[in-house]
Amino acid sequence: MAINKIFICDDDRGITEMLEMVFELADYSVVVENNSLYAYDSIKRIQPQVVLVDLWMPVVSGDLLIRKIKSDPTLENVYVACMSASRDGEQVAMDAGADIFIAKPFDLDQIMAIVGGVSA
Amino acid sequence: MTDNPLKNSAYFDDPEMTSLIYAALDASSTGIIITDNRLPDNPIIYHNKAFETITGYNTTEIIGHNCRFLQGRDRSQEAREQIRQALQDGEDIRIEIRNYTKKNDLFWNELYISPITNAKGEVTHFIGVQNNITARKKVEEQLVVEKESIERKVAERTENLRMSEEYLNSIVETIRESLVVLDPNLNVLTVNEAFLRTFKVTRSETIGLRLYDLGNRQWDIAKLKNLLEEVLPSSNPVLGFEVEHKFPHIGHKIMMLNAHRVELQGKFKDRILLAIEDVTDRRAIEKRKDDFLSIASHELKTPLTAVKGYMQLIKRFMPENNPKLTDIIEKSDNQIERLQKLIAELLDVSKIQSGKLDIHHDTFDFDKMVRDTIENIQLNSDSHKVVLRGETNAQYDGDETHISQVVGNLISNAIKYSPGKDRVEVYLSTLKNHIKFSVKDFGFGINMEDQKKVFDRFYRVDSIQKKFAGLGVGLYISEQIITQHGGTIWVDSDAGEGATFSFILPHTEK
Ligand SMILES: Cc1cc2nc3c(=O)[nH]c(=O)nc-3n(C[C@H](O)[C@H](O)[C@H](O)COP(=O)(O)O)c2cc1C
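These protein sequence lines are chains E and U, in that order. Numbering follows UniProt numbering, with no gaps: position 101 of the first sequence is 101. Numbering follows UniProt numbering, with no gaps: position 319 of the second sequence is 319.
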């Protein structure tokens with residue numbers, strides 16, 4: 001089954017707007033959430049195949065969100081990619097249970113390949 | 001003087017004996033005279049040859065005169081008074097008096113006068129014996145002069161010493177570091193103002209006490225004990241020993257200690273000098289700066305990520321036959337690439353500063369890594385040809401990304417700092433248990449002064465700084481990476497002759 005739904009959660013609009021445009025142009029259906037507080041509920045509602053989540057976010061941090069997703073059996077099949085510009089990001093992301101870590105600044109082709117490679 | 005031969009008239013009765021005695025008196029080098037006290041003014045009635053020699057006068061100028069004529073015009077000497085007194089009392093006298101020869105030359109006369117009494121106890125004659133002691137006197141005077149000059153010198157030295165002590169003292173009191181002097185039993189002998197100020201104590205509650213007992217034993221610090229009792233005795237001096245401690249009143253302090261035990265024999269032997277630098281604030285500032293660097297590079301990366309994404313989108317939607325636009329986009333891409341590298345460097349520095357640069361160990365083909373790195377550089381720079389010579393054939397165990405970063409950095413620098421030249425040379429070799437990488441350029445070279453500093457953080461060679469962009473952290477990062485792999489990195493250069501940067505890494509082929 002091909003992936004069509006991507007959920008992007010980053011408090012930085014510069015990043016979300018860009019990613020939204022990129023994935024929409026590649027014919028994905030994209031949902032963006034800049035406030036991580038509402039992210040978990042929308043994910044449960046939307047049931048995306050892939051979640052792209054930033055690590056450093058106010059209120060609910062990325063790793064907290066990842067833990068919540070990963071401990072929810074109804075979200076078992078969600079592929080979680082964690083992106084961060086932070087230096088200890090990879091460790092934190094992997095500890096939280098992310099499926100992959102993408103260091104910012106990333107290469108679009110790389111991120112497209114990752115998302116494209118996920119099969120539900 | 002009972003055995004005085006002159007007293008015994010029997011000698012004078014014998015003419016032969018008399019002439020013998022005269023001959024003997026004339027043979028003496030000591031002046032001898034006899035005066036007749038019964039005649040007015042006690043005139044000289046006899047003198048020997050030596051008296052003439054010493055004084056330069058002849059018989060007619062001597063006989064019948066009172067001997068004071070030898071005093072010339074120098075008549076107010078104390079010695080004259082003493083002689084008069086002695087003569088009057090009929091006593092012996094030995095005295096030194098200034099006399100003058102006929103030519104008016106001064107000579108010191110060591111004079112001995114002895115009275116001769118008759119049977120009735122009257123002093124009839126005096127015998128005078130003269131020795132010219134000018135030479136001896138000169139030596140004595142010389143001694144006095146010398147003694148005075150020595151005394152003067154000693155006084156000068158003392159003054160100098162006092163001044164240099166004062167000088168030293170002013171240095172000790174002026175420096176901002178705290179200084180403590182301990183005796184061999186770790187009792188405090190002195191402390192400077194800075195110590196009192198920093199640790200908020202008074203001299204009286206400090207001096208004479210054992211260091212550990214100061215201020216309710218707040219100096220009873222395990223690490224300090226270790227320094228003074230274990231480390232210092234075996235390795236003197238100890239520099240840059242860090243001690244962290246929470247003091248009751250002044251709070252948490254990070255102190256850098258230098259300790260020095262006096263080894264010179266002498267009264268200061270085994271005293272311990274302790275210099276304490278309070279680096280608490282400096283550390284806090286460093287921490288804040290590191291945090292800033294880390295946050296700044298994080299924040300810079302976010303918009304960069306977005307821009308990079310858009311650039312890739314632009315490329316994707318680019319109309320095909322528009323070479324102008326293609327060129328512009330490629331150039332923008334290069335600039336973004338540069339920005340990304342600068343930000344990465346900034347982050348590396350902050351990682352190194354906080355000790356978080358982690359090295360992943362994996363075995364990789366060293367020579368291939370170098371070839372790949374060169375290839376990558378050649379893609380972006382066609383001004384210089386990078387010539388590779390030699391090989392290591394090493395399957396090296398280390399962090400490939402980081403080592404490649406070093407190799408790339410050194411080669412890029414070599415190109416950057418040799419504008420107008422057309423090549424740089426890379427040499428690979430193996431040494432005993434090491435592999436070596438060198439890159440040689442034919443550019444400006446680096447003078448000795450700068451060679452020591454090029455690996456410092458944010459250091460840029462001054463003359464070069466204005467011409468080239470960059471943060472000046474590349475070499476600093478490179479050194480850190482090589483050091484963390486147990487290697488060393490250095491530069492050889494003669495200004496104007498180009499520079500060779502090299503590093504070696506420990507490696508044994510399995
Ligand atoms: C035997 C004799 C030898 C003397 N020899 C000397 C002499 O060599 N040089 C000298 O200055 N005075 C000499 N005097 C001391 C002087 O003659 C004289 O007594 C002295 O100056 C003190 O006396 P006034 O105060 O009368 O001069 C001698 C005296 C006597 C009795």
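If you're looking for bench data, these hints aren't it; they were derived computationally from the structure. Here the structure is a predicted model, which is why all the values come from computation and not from measurement. Take the hints with a grain of salt, since some may be wrong.
[As the list claims (entries may be wrong)] Pairs of lysine to aspartate or glutamate, EDC-like flavour, derived with a Cα cap of 20 Å:
#, chain 1, residue 1, chain 2, residue 2
1, U, Lys120, U, Asp36
2, U, Lys153, U, Glu141
3, U, Lys289, E, Asp88
4, U, Lys315, E, Glu24
5, U, Lys331, E, Asp27
6, U, Lys315, E, Asp107
7, U, Lys341, U, Glu330
8, U, Lys351, E, Glu90
9, E, Lys68, E, Glu90
10, U, Lys416, U, Glu375
11, U, Lys341, E, Asp88
12, U, Lys253, U, Glu330
13, U, Lys315, E, Glu17
14, U, Lys200, U, Asp281
15, U, Lys440, U, Glu509
16, U, Lys289, U, Asp456
17, U, Lys351, E, Glu76
18, U, Lys315, E, Glu20
19, U, Lys341, E, Glu17
20, U, Lys287, E, Asp88
21, U, Lys315, E, Asp27
22, U, Lys315, E, Asp109
Against the structure, the hints come out as follows:
{"no.": "1", "hint": "U:Lys120 with U:Asp36", "result": "holds (16 Å)"}
{"no.": "2", "hint": "U:Lys153 with U:Glu141", "result": "holds (18 Å)"}
{"no.": "3", "hint": "U:Lys289 with E:Asp88", "result": "holds (18 Å)"}
{"no.": "4", "hint": "U:Lys315 with E:Glu24", "result": "holds (16 Å)"}
{"no.": "5", "hint": "U:Lys331 with E:Asp27", "result": "violated (29 Å)"}
{"no.": "6", "hint": "U:Lys315 with E:Asp107", "result": "holds (13 Å)"}
{"no.": "7", "hint": "U:Lys341 with U:Glu330", "result": "holds (17 Å)"}
{"no.": "8", "hint": "U:Lys351 with E:Glu90", "result": "holds (14 Å)"}
{"no.": "9", "hint": "E:Lys68 with E:Glu90", "result": "holds (18 Å)"}
{"no.": "10", "hint": "U:Lys416 with U:Glu375", "result": "holds (16 Å)"}
{"no.": "11", "hint": "U:Lys341 with E:Asp88", "result": "holds (18 Å)"}
{"no.": "12", "hint": "U:Lys253 with U:Glu330", "result": "violated (54 Å)"}
{"no.": "13", "hint": "U:Lys315 with E:Glu17", "result": "holds (18 Å)"}
{"no.": "14", "hint": "U:Lys200 with U:Asp281", "result": "holds (17 Å)"}
{"no.": "15", "hint": "U:Lys440 with U:Glu509", "result": "violated (27 Å)"}
{"no.": "16", "hint": "U:Lys289 with U:Asp456", "result": "holds (17 Å)"}
{"no.": "17", "hint": "U:Lys351 with E:Glu76", "result": "violated (36 Å)"}
{"no.": "18", "hint": "U:Lys315 with E:Glu20", "result": "holds (17 Å)"}
{"no.": "19", "hint": "U:Lys341 with E:Glu17", "result": "violated (24 Å)"}
{"no.": "20", "hint": "U:Lys287 with E:Asp88", "result": "holds (17 Å)"}
{"no.": "21", "hint": "U:Lys315 with E:Asp27", "result": "holds (18 Å)"}
{"no.": "22", "hint": "U:Lys315 with E:Asp109", "result": "holds (12 Å)"}
When held up to the earlier numbered hints, the structure conflicts with 5, 12, 15, 17 and 19 and fits the remainder.
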